[in-house]
Every structure is written in C-alpha cells, then in structure tokens.
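Protein chains in written order, with this note's numbering: chain A, 14 to 261; chain B, 332 to 637; chain C, 625 to 968.
Treat the hints as calculated values from the structure; they're not laboratory data.
Hints are supplied without guarantee of correctness; some may be wrong.
Said to hold, decoys possible - Stretches of chain B that chain C covers, calculated by requiring three or more beta carbons in the stretch to come under 8 Å of a beta carbon on chain C:
hint	region
1	386 to 398
2	433 to 441
3	496 to 506
Claimed, not checked - Pairs of lysine-lysine, BS3-like flavour, derived with a Cα cap of 25 Å:
hint	chain 1	residue 1	chain 2	residue 2
4	B	436	C	627
5	A	92	A	207
6	C	627	A	153
Note that the structure is predicted; figures quoted are calculated from it, not measured.
C-beta atoms are modelled at their ideal positions from N, C-alpha and C, and glycine is treated no differently.
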Amino acid sequence: MSALFEADRLQMRFGNRIVLEDITLRFGPGELCGIMGPNGAGKTTCFNVLTGRYRPSRGQVRLDGEDITGLRPHEIARKGVSRSFQIMNLFNDFTARDNIVTALPGLRRRGFDVSHAVAANSAFADQAEVLLERVGLAGKGGVLARSLSYGDRRALEIGVALAAAPRILFLDEPTSGLGSDGTARLAALIGSLKGQLTIVIIEHDMRFLFSLADRISVIHWGQVLAQGTPQMLRDNEWVRNSNLGKLQ
Amino acid sequence: MIDLLPHLLNGLTLGLLFALIALGFMLIVGLMEQINLAHGSLFALGAYFSFMLVAAHLPLPAEWVKAWTTIPLGWRYVTALVFAPLLTALVGMLLEFCVRRTYGKDPLYGLLLTFGAAMVIEELIRLVWGTRDYVLPVPQAISGGIILWDLIWSTYRFYAAAFAVSAIALVWLFIERTPYGAIIKAGAHDSEIVRALGINLTRLRMFVFAFGALLAAVAGIILAPIWGIRPHMGVDAVVPAFLIIVLGGVGSFWGAVSAGILIGMLVGLTGAYASEWSLLSMYVLLIVVVTFRARGLFGKKSLLEA
Amino acid sequence: MDKDSRDSSRLVTPAMLGFIVLLCTLPLWIGKVGLYPYLGIEILIWALYALSFNLLLGYSGLPSFGHGAYFGIGAYAFGLFQHNIVPSLWLCLMAALGAGLVAGAMVAAFISHRRGIYYAFMTIAFGQVFWVVAIKAHSITGGEDGLLRIARLPADFGFANIDLADNTALFYFVLAIFALALIGLWRLVNSPYGRILQAIRQNETRAAFIGHNVWLYKFTVFSLSAGLSALAGGLFAMAQTSAFPDVMSLHYSGYVVMMTLIGGGLVSFWGPVIGAALFLLARDIIGAVTTGWMLWFGLLFMAVVLFKPEGVAGWWQGLRQRTAGMSGNATGFARLRALLGGRA
C-alpha cells in the first residue's frame, strides 16, 4: 500500500540542540495513527515540521508522492493537510459558524473577491451547518467561540480543521484539559471520522489512543522508538517498562 | 582623519546618553513588559525641572527666588542634578500608578496608554513653560573648550561623556549586584517566583519605574545644553531609545550600550559629512539590521518578538 | 437573516444612507451652530484617513504607528503632480493614491512577516524616514516651509466643469469621494477578504494553517490602507492649498490612532468616523476655551484606554444591547489582547 503522507529521515536542529534526530513516518489513506511519547520527546516539533511551521534541517516530507518539504504552512494546508493545536487556537471574536466559514476552501478561493458578501452566501452557511452538526455543535453556530464551553471549543477546533477539507488531519493532544465525559465525546467524534480521511493524533491519554488507533508510533529522544498496532505495542518491552504503557 | 575626532567624540557622547535613556526604558520593558512611550516626556521634564532650578524660574515668592540666585551657579547646577531627577521620579511613580492597570494585558495597551501620557505631559510642558527654546546655563568649569592638536574640543562633551559612563556603570551595578537586578534580568513576569523570593512586586515595579524616570531625567539634564530645551525634545529622545532597544536586542544590557554608541557614532559621523541626513542614518541602520536579524544584534527571544 | 447580516450584504446600509443625507444638508446648518463649512471638509478627510487606518488596526490587528507618512505622501504627491506634471484634479488624486500605494507596498514588503510591538516599531521607523525626507528634501518639498500654492483644481466631468475653490463646493466634492470610499470599505470588510483580515487579527497562526496566505493579506491591506490614507492626504493638500511635513510627524500619526480608538474602531466600522468628528470638534470647541485642548483630549484618551477600549461605538453598542437584551458582542478588551499575535 502506498502511503498518503511520508516523512523521511527528518532532522530538526535549533542552534546546536537537536530536537528531532531521525524521524521516519508513513501514514496510509484512511489510517488512524497515534503518536505517543514523554513530554519533550519532540512530538509537537514533529507536527510543526510535518505541517510546515518549521523547515527540517534534513530529510523530506511527501504528500501523495509530492515533495512538500519547506513549503509554507498555507501552501501545505491548501494541498489538504490540516491540523489542530495543543493550545486552543480559535477565532475567538467570531461565532462558531464564522470560525468554520473562515476555513472553507470556497471562501479561501474568493479571498480577493472584494465584491462578494460573505453573509449572503448561503452555500457557506450550509456547509458550516453540516460541519457543526458533524462535530456535535448543531444549534450553537451563533455562539461566539470565546463563549463556548471548553469541550465545545475542543470540538470546534476539529470542526475548523475539517472545514479546510483535508486529506490528512493532524490533531495535537485533542483531549488536553478535558474530563472523562469530554474525552469520551471526543473519542466518539474521532471514531466517527475514522476511515473517511487519514488522522494522526498526538495523545497522552493512552486508553484513548489504544482504543482508536490502527497504528501507533512511539517517539522519544527525537527518534521513533517503536511502531506498530496497539497490540504489538502492548507487547513491546520498552513500552511496557516505561510508564507510558501503564494502561490501567 | 584627525578632523574627524571631534565628530567621533560628539557621536560617542550622544551615543552614551542615548544608551542611558535606552537603559531606563529597558528596565521598564524588562520588569513590566511595558513599552513606556512617555519615557521621552520624562526626559524632557528632567531638563525643564533642572532649568527651573538653575535659571531660578521658580514658582516661589520673589524674595526667595532672589535669595536663590545669590547662590553660585555651580551649586545651583549640582542641586538641579540631584532634585530634578527626583522630581521626575515622582512623576514616574504617578505614571506607574496609571500603567499598573495594564499589567498582564497586551503590551499594546501600555503602549497606547503611555502614548496618551506623553501627549498630556508634552501639552503640560507647553502650558507651563510655553513653546520657546531655553538654554540651560552650566557652570564655568564644564563650559568652554580646550585646544588640543590644533582642534577645539568642547569641555562639556567630555564632561557629558564621563557623566554618562558613570551613570551607565551605576545601572550596571544595580542590575548585576542587587537582588532586584537579578529579578529584572530573569524577566520577572512570573510574579510567583518574585513573591517566593519575598519581594513586594508592587513596590518593586514602582521603584523600577521611578528609577527609569530618574535615568531619563539625568540624561535630559546632561543633553539639555547640547540640544536646547524645547517641548518636543521628548520625542527626539524616545525614538532613538526604542531604536536602540530594537537594535541592541530587548533585554541585553551590553546590547543597549553598544547599540547606543553605534547609533551615536553614526549620527555623529553622518553629521560630519551630510549633516542634513544624520537623523535618517539611524533609521536606515535599524531597518537594515532588523530586516536581516529579527532579534537585533544581541537580543534574546522575548515577548516583543513575533 | 438577522439585521446585522442583512446589513453586511448590502451595498449601502440604511444607516449609511441616513448619514450621507445628513451630511448633504450640513452646509445649510453648520454656520447656524457656530461652526464653519471648512470644518466639515476637515472632518470628512480625517474620517477617510481614520477609516483606512482602521483597516489595519481594527480589522487586521496591525498597529501601524507611523501612518501619517502616507497621508503626507499623498499631500505632497497631489501638489507636486499639479506643479510639475499636469494640473488635472483626477490625475492629481490618482497620483496621490498611487504614491501612497507604492510607498505602502515598499514598507509592507519589509514588515509583513511581523506582528505586535515589533510591527509598531518598524512602522514608526519607516514613518520617521519619510518624515525626515520630507523635511530635508527642501528643494522638492519646501522643507519645513511646506509646499505652497497648491490649487483647488476644478472637477472636470466632461459635460460640466465644477469650480471647487469655494468651501461648500469642495465639501460636496470631498463628501462624494468619502461616500464612495465608505461604500467600498463596507463591501471590503464584509467580503471574504475582510473576513480573512479579521481572522488574521484574531489568530494569525490558525489562519495560516487553514490555508490563508497571511503575508499576502498583510501586504495588500497595508498597501491599500496607505493608498487610501494618501488619497485623504491629497484631498487635505487641496483643502488647505498647501502641504506641510508636520502631518507626517509622530504626533500626527498618533492623532489618527487616538481618533480611531476613542471612536471605537476596535469594535465598529463607524468608530473611526465618530472618532475623527469628535477629535476635530474637541479641537475647535475645547480649543476655543483653552489653548491646551490636547491636554484634555490626551487625558480622555488615557481614560478610554484604561476603562473603555471599545470607545464611543462600543459604549453605544453596549447600551443598545442592554436595551434590546442581546448579548455577546466582542469586547474591546479581548480585541486589544488579540492584537499581539492572537494570544486571546
């Protein structure tokens, strides 16, 4: 099976500090992959390199066989790579609906069409409504993002990322700060997306990850230490010995 | 070549004084993460207060003023050098009292607020002292010139440079040798650490604001005989000060000093060759440096950078 | 569709129409309330300038603190073009607009990858460069003596040639341009372009990662804002029949910031217009009583920053909401906070 998204021997240095040593990752179409590892292992840096925030010091990133290394974030996003952030990143003064509309490729393509009235475009509103329903925010479209509950904001994060019509979605600790109810709700949401597009999740909540993911990669010291299905990782000695593997 | 020496001295003096202004500015950025755009107004206030004392333009009964004028100029100057900065420091404390409300918010807030304060102070200066230029009289001992290598050197420039160096040394001692300095260096936005050290942050902030104002006022007094005293001298000082901070890098003591000297020299040298354009040179330098190096010459990463 | 989104799809809103009609009657009554028609011209010009400035501060969250430079460039371009090339009103105004666009684009090319305080610093530095050049290039700009004898050229429509030397005629001409700009800007801020600018203000990173070319938006909006400011500057040169470097100084650049903020540019399209009117009225009314009017206006500005960053428009919105029982409009506090790189 050819991979949709490939990262080949990525290295990332900041000054003389090496954050990513040698990372090789492959994500197939429709796969749901997890990335785990201790704090400071380089997971978020890895996402930042994959989505174009940083240019890697060495190595290559390919989407569908096309080299996208060093492209700027918006260029990579336009090719169908979307992401969420560990720290909440929403347009707080916009309503939930407007958050979604702003991310629609249709709006983006008309970005310099100054004669067009956003509010009069019912296609935008309809698409936004569909997406809001999909992430469980039906009926909350008119609420300001800053006024939504924490759980709803996490869901809206995913909604905004989805609105950009991605082929691959990177989620950076989507359950961070959520209680068990919120985590369950998010697990259901991500589960419902499974198979429709490639999803890559950084997560600390191991139960969450092991129940959802097809494949998990363990990153530590800037390297991929182990890779495989959740079952394979449960059996992996290193994972078992580290406190990462404590599932119960 | 030797003809250039006086220009270099002028540039050095100016640069050291710019650095002094910038350091006061930077202390406030360091501790409060606030850009104090009224810093230039405090600089101007220092100059006006000193003029009031030295030239005996005092709002006091005529006999008192007359008695004051009988005191020799030298003593009046020394008194001004002590009391004008202290008076300015009081104004600085009052300003801090307003700015206090913006701590922890976007720095743009403090920027806008202190911009308003700058307008208010400048307008007050116009109302109290009018729009005319004043000249600050200085004692005989530091005025006049000396002839060396067939060139006339202004004594005052030597005095000003020496004074600025000692003031800068004082700031250095404050930053390096006192616990307050350690906090400022650490970038004490983390007020928890500060409290854990048993330091009253509210008082520390007020003190540092006052200290910054004091430095600005001192620079104002020293620069007054060179620039003349006029209402918009504050803007002439605050713009180089923030250029120096950006150029030297936010939070770097030696960055500010070297950037100050660099800008002073540049203004001095372009003044020698193309005096019309000497002001422009520092902006061009800034634009060139910042285009190629976002953090300035010596800067660490800070909240001001994006 | 609620009222707000209906308005935002319209070419001309009822409020806009009412405002323009009211302005049309201004020459009839302004003398009776103790003011004078020239003040109307000034308010319209500064309102246009503040509106284009607010495209940056209020909509895009870009603190441009040296914006007077572009206003001044427009004024000089208008004068120099009519003195040296061709004394045609339309071409002179185009020259002012064009000069502002070019100067703005040059500066924007240097600064559009920045934001926050560094953006403010860089815009001040560039503003000062233009200001110093205007003062020192004596042979071109007249230095501090200013560029004098700028004519109020007649408006040649082909079928009619209208003389604008009279203040009332000039007022209507400026009003026409102002109304066109008002409508254009209204459409702009409610278009996808305006929507994306507001997204960039709130969260630049997020905007980039959903595929918007943030640099290009920041570049174009700065150029556009500089161009429109220069157009206002050109009208200003025509109104006062001269151009001086002082409008390019840090002080004047600050005035437009004050107007925009006090009026409520952070939360309202109309904020800059309200602010410009308030500023010039205060200048004339407080200025008639005391010479230190800027002292009082400065204190007012400080109070607004401290207690009500939403300005007059925000206060009005709050009042309307309280009476209508609506909730949830963005607060100026939040917007100000968002100005520094979206750390809301």
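Hints versus structure:
1. With 0 residues having a Cβ less than 8 Å from any Cβ of chain C, the region 386 to 398 of chain B misses the three-residue criterion, and the hint is violated.
2. Counting residues of the region 433 to 441 of chain B whose C-beta sits closer than 8 Å to any C-beta of chain C gives 6, which meets the bar of three, so the coverage hint holds.
3. Coverage of the region 496 to 506 of chain B by chain C is violated [criterion: at least 3 residues with CB-CB distance below 8 Å; count 0].
4. The hinted pair formed by residue 436 of chain B and residue 627 of chain C fails the criterion: a straight-line CA distance of about 34 Å is larger than 25 Å.
5. With a C-alpha separation of about 20 Å, the suggested pair residue 92 of chain A and residue 207 of chain A falls inside the 25 Å cut-off, and the hint holds.
6. At most 25 Å may separate the alpha-carbon atoms for a hinted pair to count; residue 627 of chain C and residue 153 of chain A meet this at roughly 19 Å.
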